[in-house]
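K.L.:
Residue 54 in the working numbering sits at position 54 of the first sequence; the count goes up by one each step and never skips.
Keep in mind that the hints are not guaranteed to be accurate.
[To be verified] Okay, derived cross-link-like pairs now, PhoX-like style, lysine-lysine, Cα gap no bigger than 25 Å in a straight line:
# : residue 1 : residue 2
1 : K292      : K254
2 : K350      : K337
3 : K342      : K304
4 : K171      : K383
5 : K273      : K304
6 : K177      : K292
[What the hints assert, rightly or not] FRET-style restraints, in silico, Cβ to Cβ:
#  : residue 1 : residue 2 : range
7  : K254      : T163      : 45 to 55 Å
8  : S299      : K254      : 16 to 26 Å
9  : T50       : R378      : 20 to 30 Å
10 : A172      : R382      : 34 to 44 Å
11 : P362      : N182      : 21 to 31 Å
12 : P181      : G276      : 41 to 51 Å
13 : D51       : Y230      : 28 to 38 Å
14 : E289      : T52       : 39 to 49 Å
Calculated from the structure, these hints are not laboratory results. Quick reminder that beta carbons are idealized off the backbone N, C-alpha and C, glycines included.
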Amino acid sequence: MATFWRAFPCSKAELDLGLTLACGQSFRWAMVPGAISGVLAGRVWRLSQTDTHIRYQVIGHVGDKPTPSRPGRKNQKRKSNTPIEPNNETVQKKIKSEKNVDTKKQTEMMTQAMTSNTEGTKISKIKTEDTEEVTLKTEAGLTEDDICISVLRDYFQLDVKLTDLYEQWCKADPHFKQVSPNFTGIRMLRQDPVENLFSFICSSNNHISRISGMVERLCEAYSTQQYELYGVTYYAFPTVSALAGKGVEERLRKLGFGYRARYISETAQYIMKQGGESWLYNLRTLTYEEAKAELMKLSGVGAKVADCVCLMSLDKTGAIPVDTHVWQIVNRDYKHKLGTTKTLTDKTYKEIGDFFRQIWGPYAGWAHSVLFAADLRRFQERKTSPEKKAVAKKSVKKKKSR
DNA sequence: AAGTGACCTGG
DNA sequence: CAGGTCACT
1 MATFWRAFPC SKAELDLGLT LACGQSFRWA MVPGAISGVL AGRVWRLSQT DTHIRYQVIG
61 HVGDKPTPSR PGRKNQKRKS NTPIEPNNET VQKKIKSEKN VDTKKQTEMM TQAMTSNTEG
121 TKISKIKTED TEEVTLKTEA GLTEDDICIS VLRDYFQLDV KLTDLYEQWC KADPHFKQVS
181 PNFTGIRMLR QDPVENLFSF ICSSNNHISR ISGMVERLCE AYSTQQYELY GVTYYAFPTV
241 SALAGKGVEE RLRKLGFGYR ARYISETAQY IMKQGGESWL YNLRTLTYEE AKAELMKLSG
301 VGAKVADCVC LMSLDKTGAI PVDTHVWQIV NRDYKHKLGT TKTLTDKTYK EIGDFFRQIW
361 GPYAGWAHSV LFAADLRRFQ ERKTSPEKKA VAKKSVKKKK SR
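All chains should be modelled from the sequences, with the hints used to inform the complete structure.
P.N.:
Structural data, given as structure tokens:
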């Protein structure tokens, strides 16, 4: 069976793939020619977008070739940032759904597919370059493609009507109204809490290019499921159990994690002591305040990282991570409403979150990500203002990150 | 409670 | 110094 593109209708105002996947929420999507590729829900995806549709294809499943990593074994370095893939759309790899090891997650997704509210965004399958239909069905009677669609709907949270939210935020906030037109379609992903948490533990006092590399090395070293295609290896994110093992801190230090190596090791062990990954998933059922308090007990997790996890994988739509970047935005664009202060204390941190929640409402965290993205250096070219001289000066070939 | 410094590494 | 956290005045 050949892989092929499928698509569903979706406007760029509802979801801008490029912005959403590159605005610092997730660190593992790779820009490849004509598409974005990455691992999600046990599958290796390629995604792209037209003016009217999101296009997607699954090119493999992690776990097809289980190769448990052994501590001490040297992993061969692969530049998955720039996969060498033929433009040829047909890939001969068979999808072996009967061998799919990720049945637990799959079941969860199917359940969500059955129960999710579908009236907001209607999904209709469009076959663009298909050669044959996917006929494999699960016990629940779903085709592989039914599952793919539910995975994407869940990950991109397509039941949330983003254009309505933008409208509301614009009405409530003049500054948002001024900035947002060049940054439409930025929505919160609903990430896997494990990947989200450990990735953002790596983010402390660190920059994006390095975080991406660290997450990549974390996967190379501790992922238990992977899939190789055209010389590129795609990894499932490591399990908490794998990260809780003996000697993890030492190995991660050697891999350049610095003091975050201890954070990762201790946090993994703490989670295992609480009952494993299910403990983390269960934070979704708590209130924002409760979930944040639990997260802040973890090593290497302060207010900012806790808010990132609450917002990006625990469904706390009002959580607002206040980092130095947001701090700058506040002092530059909202200082008239909030007294300008010198340092970011616990008190100020809370005041800023409350301030934005009061303005933007229950989805304040989503709104925050729009302004955050609009402030990223790499997106400055999107701004219509002609004063791009400061940016042009810096436009060296610094395309090191994905 | 606000302020200060160390902590890993690399651009 | 960089999209922080932790320990300690």
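K.L.:
Look at each hint and say if it fits the structure.
P.N.:
Results for each hint:
no. : hint                    : verdict
1   : K292 x K254             : 31 Å, violated
2   : K350 x K337             : 15 Å, holds
3   : K342 x K304             : 18 Å, holds
4   : K171 x K383             : 21 Å, holds
5   : K273 x K304             : 24 Å, holds
6   : K177 x K292             : 30 Å, violated
7   : K254 x T163: 45 to 55 Å : 48 Å, holds
8   : S299 x K254: 16 to 26 Å : 19 Å, holds
9   : T50 x R378: 20 to 30 Å  : 23 Å, holds
10  : A172 x R382: 34 to 44 Å : 23 Å, violated
11  : P362 x N182: 21 to 31 Å : 25 Å, holds
12  : P181 x G276: 41 to 51 Å : 45 Å, holds
13  : D51 x Y230: 28 to 38 Å  : 30 Å, holds
14  : E289 x T52: 39 to 49 Å  : 41 Å, holds
Hint compliance for this structure: hints 1, 6 and 10 are broken, all remaining hints hold.
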